[in-house]
Amino acid sequence: MWRALQRLWPYVTSARHAMLAGVLWIVLATAISLTAPLILKYVIDDLLAGATRATLALAAAALLGLAIADGVCRYWMRQRLIGASRAIEYALRNDFFAHLQRLPLSYYQANRIGDLMSRASSDLGAVRLMVGPAVMYFGSTALGFVIAVALMVSIDPWLTLLALIPLPLVSIATHVFGKAIHEKFDRIQAQLSELSAVVQESLAGVRVVRAYRQEPFELSRFGAANDEYVHRNRSLIRLQSAFYPSLSFFFGLSGLVVLWFGGSGVINGRITLGDFAAFSRYLVLLSWPLIAFGWVINIVQRGIASWQRMLEVMDTVPAITDAEADPAALAGRVVGRLEVRHLSFTYPGATQQVLTDISFSASPGQTVAIVGATGSGKSTLLQLVPRLHDPPPGTVFLDGVDIRRVPLERLRRAMGVVPQEPFLFSDTVAHNIAFSRDGDPPKDAVAAAASAAGLDADVSGFGHGFDTMVGERGITLSGGQKQRAAIARALLVDPKVLILDDALSAVDTTTEDAILRRLRDVRETRTCLLVAHRISTVRDADLILVLDGGRVIERGTHTSLVAQGGVYASMDRRQRLEQELAAS
Amino acid sequence: MSVQDDAIAKGYDSTLMRRLLQYLRPYWLWVIVAFIAIVGGSLADLAQPWLTAKAIDDHIAVNDLEGLWRLGRWFLLILITSFVFEYIQTSVMQMVGQKILHTVRRDVFTHLQRLDVKFYDRNPVGRLMTRVTTDVDALNDMFSSGVVTVFGDLIMLFGIMAIMVAMDWRLALVAFSVLPFIAWATAWFRRNVRENYRQVRGLVAKLNAFLQEHLTGMGTVQLFSQQARSYRQFEAINREHRDVNIQSIFYYALFYPIIEVLAALSGALIILAGGWWALEDQVSIGVLVAFLQYSRRFFQPISDLSEKFNILQAAMAASERIFGLLDTPVEMPTSAASSDRRVDGPGRIEFDRVWFAYKDDEFVLRDVSFVAEPGQRIGIVGATGSGKTTIISLLLRFYDVTQGRILVDGIDVREWPLEQLRMRFGLVLQDVHLFSGTISSNIRLGREDITDEAVREAAKAVHADRFVDRLPQGYDTPVAERGATLSVGQKQLLSFARALAFDPAVLVLDEATSSIDTETEGLIQDALHTLMAGRTVFAIAHRLSTIQDMDRILVVHKGQIRESGTHQELLALGGIYFKLWEVRPLIAPTSSDPSPAAAP
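Chains as they are written, first to last, in the numbering used here: chain A, 1 to 584; chain B, 1 to 600.
No lab work stands behind these hints: they were computed from the structure.
Hints may contain errors.
Said to hold, decoys possible - The calculated BS3-like cross-link candidates involving lysine-lysine, where the alpha carbons are at most 30 Å apart (straight line), are: (1) B:K99 x A:K184; (2) B:K308 x B:K99; (3) A:K482 x B:K206; (4) A:K482 x B:K99; (5) B:K558 x B:K579; (6) B:K118 x B:K558; (7) B:K308 x A:K179.
Claimed, not checked - Here's a subset of chain A near chain B, in silico, CB distances under 8 Å, partners left out: (8) A242; (9) V266; (10) P386; (11) G549.
We put the beta carbon where it would ideally sit given N, CA and C, even for glycine.
Use the sequences and the hints to build the structure in full.
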């Protein structure tokens, strides 16, 4: 916990001016607000002693003046402290995101996006409450408590002691109740997700439920979860309903003590009636700090837990870095000669080898195609080239340089990758295609890339052409359109190595033919690596590798592989017949 | 008709309110109890400053120590009363709220269990989930903190005013003179904060959307080395979020002190006027002190009232959505005349010129006719989108035919009571749905009459016992959400065991496409034979090897039955089936998703 707070400290000190000023305003505000009951005391004592109207007016003006001064202080206190907490939140969120950007693909495969999201939002919110509002309430609470008690002691030490007896109960009650309420609340949340799970399961499996006539059973399952949820809520309700009234009760007890002993003090002349009134007023002022104290403790506890959850992410060391990079590697023009030598690969932490002893090479103008069943390792092989996962040293080379020695950004800028499930951002078509370019998308280049990818005809059919929004707030692209947009995006990079991971699976064969024809020009000057399921896609490749279980089981050109009569040849036969069938 | 998320928030809708209050009716006695508690609690609260005033004027000022002690005992009594009333009020209201929510939730879920599969096609599960959980909870706020406590606030407010007027009406008027300013300041604050809050919410949504999108697409960002740019975009939204929040600090920082200053102003006025009249002996010191205390309590209820209006608004919007769902009609009621149909039957099935379209005129099935005699095993073959899954969906009456009819044991499925119709079938889907529970609860589902013994036998018959016995707790091993801990093949075997345990007359089978390791594959083939024995079987096959010994094979192509016959007959025919058989893959299929070239 201590270490965690130390990690937070630099963020706090970055806002130290605002924080210090805020604390100063707290001190001023507290001092001012506590003098008001003293004025009340003089008013009442004066009235009994026969005051003049002038002193009354003076007292009233003083009361108002103090309130205004107090208001000014509290205005600045809030501005400074809460403002500082927002600044800290802002810096933390930036750093959190920046760190997430450094974490590799494997991290996102191992962690749920929803979980990361909740750390970046609700946990960050809890941390902010701890560095801002908690500081503010703690400051004014602790200070207010000390000064009020001191002033009460100056009026009547014995009465102070008596009046304070019930008050520790308030703080203890706040803390204990707060904790119990929190625990009960967690149990309720757990039951709520249980309830949700029952509903989710039942709705997602609606066909099974209907087919097996499970409706009554589902109702009883739901009923049980629903009952339990209400049951858990009840125990929270019982606790909560007792909590607030018990606080008022404790304060009331203090009030009663003051009424009895303060009143008798006035009667036997130990204190004045003004003292009595001021004393009662201090008691009221004390009530808020005592409640706030228990509350602050809960905020801090939650804030620390949340901060630790954020640190788990921020302390994750990025697995793929420039640690071994040579700044001079490939600093000049990249040619794009790709070579894979005896590559075997096992995912970090896994035991089963995904790729075994793969070797091939490709120069600009050449295309290497990879085919094979799902799980044969095709995509893994393609992901190793741009280092989405790190290949072992000395296995993958670009222009003769081990890619682990090439700075990541330089390596990736030399490549145009079209992933299996292309991801488009909710932005315009043009921005998506020109994703690799900062600033305004270059119109001509975007149009050229779109045309090469066979997307141009589609785009002219969208409402605003290249300025049409894509995604949630725009139009929904078909799978084929998404793939072609991703191809255009990769082409716009002007890559030396073009990597297509099953990038044409969702377009029909005619479109595919057209795209392949247009891509031929592009491929003439580039090294191309592609994975495909369709023979038509890989037919003209210079080299075809058939993968099975991570090993190359057949290799050659289309003609030689068909002649070989193996797995590739039967795939070819099957697909041609399927096409015939579809046409029948 | 689909359930909408964005029902327009209405401030107050009497029809909605009346419907909501229906739920309150069974608890009218409790509502009365809570109401009495609110009134009692408010009175007890108000009595405290009054007692203080009395203590000062009647006892302290005249040196009556005895009287002060007596009065203190009253004070204690009032404290206890106030505690009891407040406890009763909160607990009763919250309990009633929970009971109502329990009912609402149950009603929604019950209705969801009645709605057709068609409804689920149109409404994503996530959205329906929101109805049962989030929207119901928005109602909770209203019942527990909204409706009734508004009365409490009003009683408090008018109580304070009444007492002040009764004590000294002139001084009361002086104290009330700040009220218009308070009202004005509150209105200013609400207006600005509401607008500001709207902006904050918008930016939070923007932040989350950006984060969600960029975490999902992080691979793309990294591949194109665009981290610097996306950081800049994120930072811009983040900055805007910070600035709007800092802007909102201004309103809070100004509002609270203003209220404080107004309270002080009212106090100063009371001292000035009250002191003036006290000098003339028209007002007692006790009344002056009491007034100072009452004037402080004045402000709370006013700001509470406007907050509660927001809660009411949110609850109204939520209830509108909930009632919208409850009012969705069930489109597939069983005809009333059908309730006395017999349950038994040999399991003869006839499709009679069946046409079906999910949407308008896009027919998925065209003029499909065939007969399955009891005990016959029918294999259905065809490409994805050819309509073979639709055939089994119609058979189980997940949808109603557009034209033609389907007869089960000579009776139109539309005349069967749904439950009895479905009781004839056992369904095994390619995507096995498991429920959280145990292995045995997933085989037995809700049928208590299937004994542990029967569960074991069923599992054994389909060879599921081999892996179940290896599990730490055997049949009582918990199954995680959607069976995450089990392999595809194991889930498949469990679903076979489930179908076998239910012992249906007709078995409907949608065979899995995913490649399974060869060992499990062998077990599954063997299990299938056990499962099919003695039943009418409909099997959709993706691997032709599984159905070659079927009694009859239907070849569905583009919504029509193009060929029909035994394996040998179809091969001899030399048509579509022959070609499919010729090209059946020798290695496992290349992908779990079918080749698009084969789609229509």
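Against the structure, the hints come out as follows:
1. B:K99 x A:K184: 18 Å, holds
2. B:K308 x B:K99: 21 Å, holds
3. A:K482 x B:K206: 24 Å, holds
4. A:K482 x B:K99: Violated, at about 49 Å.
5. B:K558 x B:K579: 16 Å, holds
6. B:K118 x B:K558: Judged against 30 Å, a Cα distance of about 22 Å means the pair holds.
7. B:K308 x A:K179: With a Cα-Cα distance of about 27 Å, the restraint between K308 (chain B) and K179 (chain A) holds, given a limit of 30 Å.
8. A242: 6 Å, holds
9. V266: 5 Å, holds
10. P386: Check passed: Cβ of P386 (chain A) comes within 6 Å of chain B, closer than 8 Å.
11. G549: 11 Å, violated
Comparing the model with each earlier hint shows violations of hints 4, 11; every other hint is respected.
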